[in-house]
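Visitor: Given next are the chains, with one letter for each unit.
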Amino acid sequence: MIVRILGEGQFEVDNAAAAQLDALDTELDAAVEAGDDAAFKSALTRSVEVVRAGGSPVPDDSLHPADIILPSSDADVAEVLKLLGEGQLSE
Amino acid sequence: MSVMKRVSLIFRAKANKALDKMEDPRETLDYSYQQQVEMLTRVRRGVADVATSRKRVELQMNQLQKQVQTKENQARTALGQGREDLARAALEQKSSVATQLSGLQDQYRTLQDQEEKLTLASQRLQSKVDAFRTRKETIKATYTAAEAQTRINEAFSGISEEMGDIGLAIQRAEDKTAQMQARAGAIDELMASGALEDHVSGQQDYIQQELDRMGANSEIESELARLRGELPSSNQAPRQIESNGGGATAGGSAPGQQPGAGDGL
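Sequence lines, in order, name chains A and B.
Under the numbering used here, the residue at position 58 of the first sequence is numbered 58, and the numbers go up by one with no gaps.
Under the numbering used here, the residue at position 87 of the second sequence is numbered 87, and the numbers go up by one with no gaps.
Simulated from the structure, these hints should not be mistaken for laboratory data.
Check the hints yourself; a few may be wrong.
Computed cross-link-like contacts, EDC-like style, restricted to lysine to aspartate or glutamate with a CA-CA straight-line distance of at most 20 Å [what the hints assert, rightly or not]:
no. : chain 1 : residue 1 : chain 2 : residue 2
1   : B       : LYS176    : A       : ASP29
2   : B       : LYS5      : A       : ASP76
3   : B       : LYS14     : A       : GLU79
4   : B       : LYS17     : A       : ASP67
5   : B       : LYS5      : A       : ASP14
6   : A       : LYS82     : B       : ASP175
7   : B       : LYS176    : A       : ASP67
8   : B       : LYS117    : A       : ASP76
9   : A       : LYS82     : B       : GLU174
10  : B       : LYS94     : B       : ASP212
11  : B       : LYS117    : A       : GLU79
12  : B       : LYS117    : A       : ASP60
13  : B       : LYS5      : A       : ASP74
14  : B       : LYS66     : B       : GLU92
15  : B       : LYS5      : A       : ASP29
16  : B       : LYS5      : A       : GLU49
17  : B       : LYS5      : A       : GLU27
Could you put together the complete structure from these sequences and hints?
Guide: Right, here's the structure in full:
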C-alpha cells in the first residue's frame, strides 16, 4: 500500500504496517470528532513513525497516487478540519 | 470515515474534477505540464523566501547574542567597581535579552525545518514533472483519445496529488514566514525603541554610561598619578639624553668595526 505523509512524500508499506495504520486511523478519527488535540497529535505521531520506520520511500519519478494520506507530522485538529472542509467546498 | 482515507479522497476528487473538464485528455496534458512548471517556480521561490527569513532571524540572533555578552561584561565590570546595583541591573537585562534569544532560536529551527522540507519537495516535484513530460509524449504519440484516458488518469492523479501536497507545504511555509517577519519586525522595533539596546547603532544604555563615567574617572586618576610620577623625574631627563648620546657614540664605533670585518674577508 502507498501512503503519503503530507510534506514528506510517499512510502510503500507492508500489510502489517497497513493494519497498524488502520487502527491508528480510528484513533485519529475519534480525536478529530472530539476536537481532542492531544489525542490527535499522539495518534498522528505514532502513525508517522509507523510509516517512516516500516515504509520504503517511493521513487521520486513515480506517478502513482497514494492509497491513504497522512496529515503533516505537526498538524493539529484545526488544520485537518480545514483540509477536509476545503475538499468538500473546492471546485 | 477514516481521516487518512478522507484526505486521500479529497486529493483524488480534485484530480477527477480537473480531468472531467477535459474534452480530449491529450490536449490538456500540455496545459497540465505548464501548470507543473509554474508550480516548480513557486516552490523554488518559496525555498528562497524561507531562506531569507531564516537569515534575518540569524542576524538578529547574532545581535542578541552580542548583547548577552555585553550585559555579562557590564555586570562583571560593575561588580569589580563595587557597584552591585549596576551589576544587578545588567544581569536583569541580560536575562530578558536571553529570553528573546531563545524564542528566536525556536523560530530558527522551525524555519530550517521548513526550508529542508521544501527543498526536498522541490526535488521530488522536479522528478515527477520530468516523468510526467515523458509519459505525456508517449501518450500523445501512441494512443487514441479513448485509449489515453486510463493512462492519463493515473499519471494525472499522481502528479495532482504531489502538486496538492506541495501547494499546502508552500502555504504553510508562507504562513510561517509571515509570522517570523512580523516577529522579526517587532524585535527590530524593540531595538530601535531602546527597550533592547542596540550597540551596533551606537545607542547606549544607562549602565554603560555609568560604567563609562566611572571608567573615565579612574582613567583621569591614573593619568594624574602618571603625571605626578613624572614630576620628580623631570630633573633626570637631560641626563637621560646625555646617556642616550653616549649610546650613540658607542654605536658610532660600530661602523669602525666594519672595515675590520671586511679585512677578515
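Visitor: B:LYS176 and A:ASP67 were given as a pair; does the straight-line alpha-carbon distance stay at or below 20 Å?
Guide: 29 Å, violated
Visitor: Are the Cα positions of B:LYS176 and A:ASP29 separated by 20 Å at most?
Guide: Roughly 27 Å between the alpha carbons, so the hint for B:LYS176 and A:ASP29 is violated.
Visitor: Below or equal to 20 Å on CA atoms is what counts here, so check B:LYS5 against A:ASP74.
Guide: 19 Å, holds
Visitor: Checking one constraint from the list: CA of B:LYS66 to CA of B:GLU92, max 20 Å. Satisfied?
Guide: Satisfied, since the Cα-Cα distance of roughly 16 Å is no more than 20 Å.
Visitor: Is A:LYS82 close enough to B:ASP175, meaning Cα to Cα at most 20 Å?
Guide: 15 Å, holds
Visitor: Decide if the proposed pair is consistent with the structure: B:LYS5 and A:ASP76, CA atoms, cutoff 20 Å inclusive.
Guide: 17 Å, holds
Visitor: Given the hinted pair B:LYS117 and A:GLU79, is their alpha-carbon gap at most 20 Å?
Guide: Holds - the C-alpha atoms of A:GLU79 and B:LYS117 are around 18 Å apart, at most 20 Å.
Visitor: Can the restraint linking B:LYS5 and A:ASP14 be considered satisfied, given a maximum Cα separation of 20 Å?
Guide: Holds: B:LYS5 and A:ASP14 sit about 17 Å apart, inside 20 Å.
Visitor: Straight-line Cα separation of B:LYS14 and A:GLU79 no greater than 20 Å?
Guide: Measuring from Cα to Cα gives roughly 18 Å; hence the hint holds.
Visitor: Take a quick look at whether B:LYS117 and A:ASP60 sit within 20 Å of each other, Cα to Cα.
Guide: 14 Å, holds
Visitor: Checking one constraint from the list: CA of B:LYS5 to CA of A:GLU27, max 20 Å. Satisfied?
Guide: Holds - the C-alpha atoms of A:GLU27 and B:LYS5 are around 13 Å apart, at most 20 Å.
Visitor: So if I understand the rule, the pair passes when the alpha-carbon distance is 20 Å or less; does B:LYS117 with A:ASP76 pass?
Guide: 18 Å, holds
Comparing the model with each numbered hint stated earlier shows that hints 1 and 7 do not hold.
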